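Participant: Work out the full structure, taking the sequences as your base and the hints as a guide.
2 protein chains.
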Amino acid sequence: MYTERKPIKINEAVEAVLQFAKEGELEYVSINDSDGRILKQPIKADHDIPPFDRSPLDGFAIRSEDTVDASRETPIELEVIETVGAGAIAKRVPKQGQVIRIMTGAEMPEGTDAIVMFELTKEIERDGKTFIELKRSFKPGDNISFKAEETKTDDILVEAGRKVDPGVKALLATFGYNKVPVGKKPIIGVYATGTELLDVEEPLEPGKIRNSNSYMITSQILKAGAVPKYYGKLVDDFDRCYEAVVNALDEVDVLITTGGVSVGDFDYLPAIYEKLGANVLFNKIAMRPGSVTTVAEYKGKLLFGLSGNPSACYVGFELLTRPWVQLYLGNPKPHLQKVQGILKADFPKPNPFVRFIRSKMTIEEGKIFAEPVGLDKSGVVTSLANSDALVVLPGGTRGFKKGDVVDVLLLNGEGSSEILEK
Amino acid sequence: MYTERKPIKINEAVEAVLQFAKEGELEYVSINDSDGRILKQPIKADHDIPPFDRSPLDGFAIRSEDTVDASRETPIELEVIETVGAGAIAKRVPKQGQVIRIMTGAEMPEGTDAIVMFELTKEIERDGKTFIELKRSFKPGDNISFKAEETKTDDILVEAGRKVDPGVKALLATFGYNKVPVGKKPIIGVYATGTELLDVEEPLEPGKIRNSNSYMITSQILKAGAVPKYYGKLVDDFDRCYEAVVNALDEVDVLITTGGVSVGDFDYLPAIYEKLGANVLFNKIAMRPGSVTTVAEYKGKLLFGLSGNPSACYVGFELLTRPWVQLYLGNPKPHLQKVQGILKADFPKPNPFVRFIRSKMTIEEGKIFAEPVGLDKSGVVTSLANSDALVVLPGGTRGFKKGDVVDVLLLNGEGSSEILEK
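Here the protein sequences line up with chains A and B, keeping their order. The first sequence lines up with residues 1169 to 1590 when you count with the working numbering. The second sequence lines up with residues 1169 to 1590 when you count with the working numbering.
Derived by calculation from the structure, the hints in this document are not laboratory data. Just so it is clear, the structure is predicted and the values come from calculations on it, not from any experiment. A few of these clues could be false.
If several chains are the same, the list does not tell them apart, and a pair holds so long as it fits within one copy or across any two.
[As the list claims (entries may be wrong)] Within a straight-line C-alpha distance of at most 30 Å, the following computed BS3-like cross-link-like pairs (lysine-lysine) qualify:
no.	residue 1	residue 2
1	LYS1397	LYS1212
2	LYS1208	LYS1307
3	LYS1570	LYS1331
4	LYS1467	LYS1263
5	LYS1208	LYS1570
6	LYS1212	LYS1401
7	LYS1303	LYS1517
8	LYS1331	LYS1352
9	LYS1315	LYS1528
10	LYS1303	LYS1208
11	LYS1512	LYS1297
12	LYS1331	LYS1297
13	LYS1297	LYS1177
14	LYS1212	LYS1307
15	LYS1331	LYS1506
16	LYS1506	LYS1535
17	LYS1320	LYS1297
18	LYS1331	LYS1512
19	LYS1307	LYS1190
20	LYS1397	LYS1331
21	LYS1320	LYS1512
Facilitator: This is the structure in structure tokens:
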């Protein structure tokens, strides 16, 4: 039976969902397994960088006072008494006229106060001793990397909420984070609905199509940093569906269903929410695609009833589920990054409701452009695979022209703390 | 002993490396494990989309000829004789005045040629039968999604070389790719050099620092899509170093060493290349940082001798090793994506050689900006963690001002088929 639903705005929907945001626990993982995880604590320096005065190059550690009279006309000779490599400590203390050969990264030997690079010296062997010839003077401190000049103990180097990437991992290693405090991943259950759905390995049958949404959503869940748990298809029987949903809810932090939220006779989800006694936050959003997207809450857990339409399903996850996941992980920028871009093609359709168009972003001459993909019917399928952005066209607008400036949500961007404007 | 080296240009270095590019084998992985992998074959439609004429909404399948006289003033009644859900096939064929209730995605029943959505009908129960009232006429084909209107069998939907993301995965599922043909990941060995290096779990000692490069490189290798194999530190003994390198070469596709390529007394790599009889492609690049970056080839395998300086090590991997990995995987866009951006800060230093500055990219009002990070000494460490781009300043230039337009290499971009200009 067709029932009127009251649509709410997408921002209201996002806010309704995030009222049930909760931050997940902290867990420690080995630094070797930390790639892509979200830091739950800032990275703090456990020591100064450099940890000691050191040589930034391969050369000789000298007493600068010995070089005061050195010049091109009056070169001086200094005796090399020891060689010290990085990681070693010089054993001797140079006296007047003596130097220590030193490698990049080695600690400044006691009694020395400047470094001369190899290239400025000439080595001389004489009487079984090694000397260097110098043709210029040096000042105390020349070419030394001083203790703590880069970073001091207890400095905060990376804030909590950042994702571990190669540079962050370098800092974790530098500061001894053998175990890394990260946000525990939420478990997201996925149920597909629809008797028309075949699994990927099944041959095609009349009237049926392959289930693509579950694979797509699983991939979106992984990309968002959570753990997908795919339960298969809900069968075409209300009582068994109800039981399946109740059982899954025990095992997951969030449950996603794809399909079954529209007004069809076999769209069981609304009735399941009702029988559960779940709190339906909304069952219609004034947007395209995905207007039937429904979210309900039951004992603090969210049930995302995403549309069975692939584009709507995709958009519903990115706009509603992903921010919940990001906050759970501890990312303070849970929303898709929004930038301005220039439309690369006309979009003549009117937009009675806000529209999210799967698009391909390009950068040309330092400017962002976005081209809707799949505008014609033949592009519907490939638009799934060729998008890295969503063009946002506000509701109540009449069509847009190539060259118009529009909002663009980046699907691979760094995230934003702002939701779409109210 | 200091030896003069002949620097080559970065583009020449990249070209020299890619002369030894080879494409890795194809392997099949389960669709469930395909996220982030590079497709080795295009995705081809194994059937039409839609596979049959179908209803795109919940409503009634009608014979349009029955509605010719329907209007607001003269509504008509049609009898509902069956309900067909998605995935099912109608059992009956409507005769004049009869319709079939149909759900989204269901195949068009025989004898019907248009769909009427629920919202345009009024249902009437009478004499144990169900009728709908219609107040307008419909034309043949109204609201039908026709077979093959989106995609035809054998259409190529995604080219080889693309990375599997949620949208690509949806297509893989749609077209029955239970096993996905992807590029086999190369194995990249990593050896650190330097007696000054402590492992991440070791306490600090005088004169020593923690090994951050190995963790950083391992993370870069993972991000590039390859398999890192970390061998630990090369010990401070030439013969044992040599043996370690020889043994590792047997087990990997590429061997990276960090450090040990400069002119220090314990920089063994040049001598190891020599003893191996390896073909040293270059041992100096006219760039900052990373001028000592060395690459050698031995029996078709590349040995990347990256600098021990963390920034130089990072840049060396991204510019030289990563493209080799991408070509191995089958990505036709192996290089970092290059865009133009606006400098957000002065960079007063002269650039005798091309300079790659770790930078943070932002997008403001649709334009790309890049701000160098770690310009002062106190930023050296954090610059590792806060960069997502490299600003490129050409050699032979005298300093740049805030607002200048510069080339920017994106560290998280989609890739490019072009190397830096010659």
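Participant: Hint by hint, note whether the structure agrees.
Facilitator: Hint check:
no. : hint              : in the structure
1   : LYS1397 / LYS1212 : between (35 Å within a copy, 28 Å between copies)
2   : LYS1208 / LYS1307 : neither (46 Å within a copy, 60 Å between copies)
3   : LYS1570 / LYS1331 : between (36 Å within a copy, 29 Å between copies)
4   : LYS1467 / LYS1263 : neither (77 Å within a copy, 51 Å between copies)
5   : LYS1208 / LYS1570 : neither (43 Å within a copy, 35 Å between copies)
6   : LYS1212 / LYS1401 : between (47 Å within a copy, 26 Å between copies)
7   : LYS1303 / LYS1517 : between (77 Å within a copy, 26 Å between copies)
8   : LYS1331 / LYS1352 : both (13 Å within a copy, 27 Å between copies)
9   : LYS1315 / LYS1528 : between (48 Å within a copy, 27 Å between copies)
10  : LYS1303 / LYS1208 : neither (55 Å within a copy, 61 Å between copies)
11  : LYS1512 / LYS1297 : neither (74 Å within a copy, 54 Å between copies)
12  : LYS1331 / LYS1297 : neither (55 Å within a copy, 61 Å between copies)
13  : LYS1297 / LYS1177 : neither (84 Å within a copy, 40 Å between copies)
14  : LYS1212 / LYS1307 : neither (34 Å within a copy, 70 Å between copies)
15  : LYS1331 / LYS1506 : both (19 Å within a copy, 23 Å between copies)
16  : LYS1506 / LYS1535 : both (14 Å within a copy, 13 Å between copies)
17  : LYS1320 / LYS1297 : neither (41 Å within a copy, 83 Å between copies)
18  : LYS1331 / LYS1512 : between (32 Å within a copy, 24 Å between copies)
19  : LYS1307 / LYS1190 : neither (58 Å within a copy, 52 Å between copies)
20  : LYS1397 / LYS1331 : both (23 Å within a copy, 23 Å between copies)
21  : LYS1320 / LYS1512 : between (49 Å within a copy, 27 Å between copies)
Violated hints, listed in ascending order, are 2, 4, 5, 10, 11, 12, 13, 14, 17, 19; each of the other numbered hints is respected by the structure.
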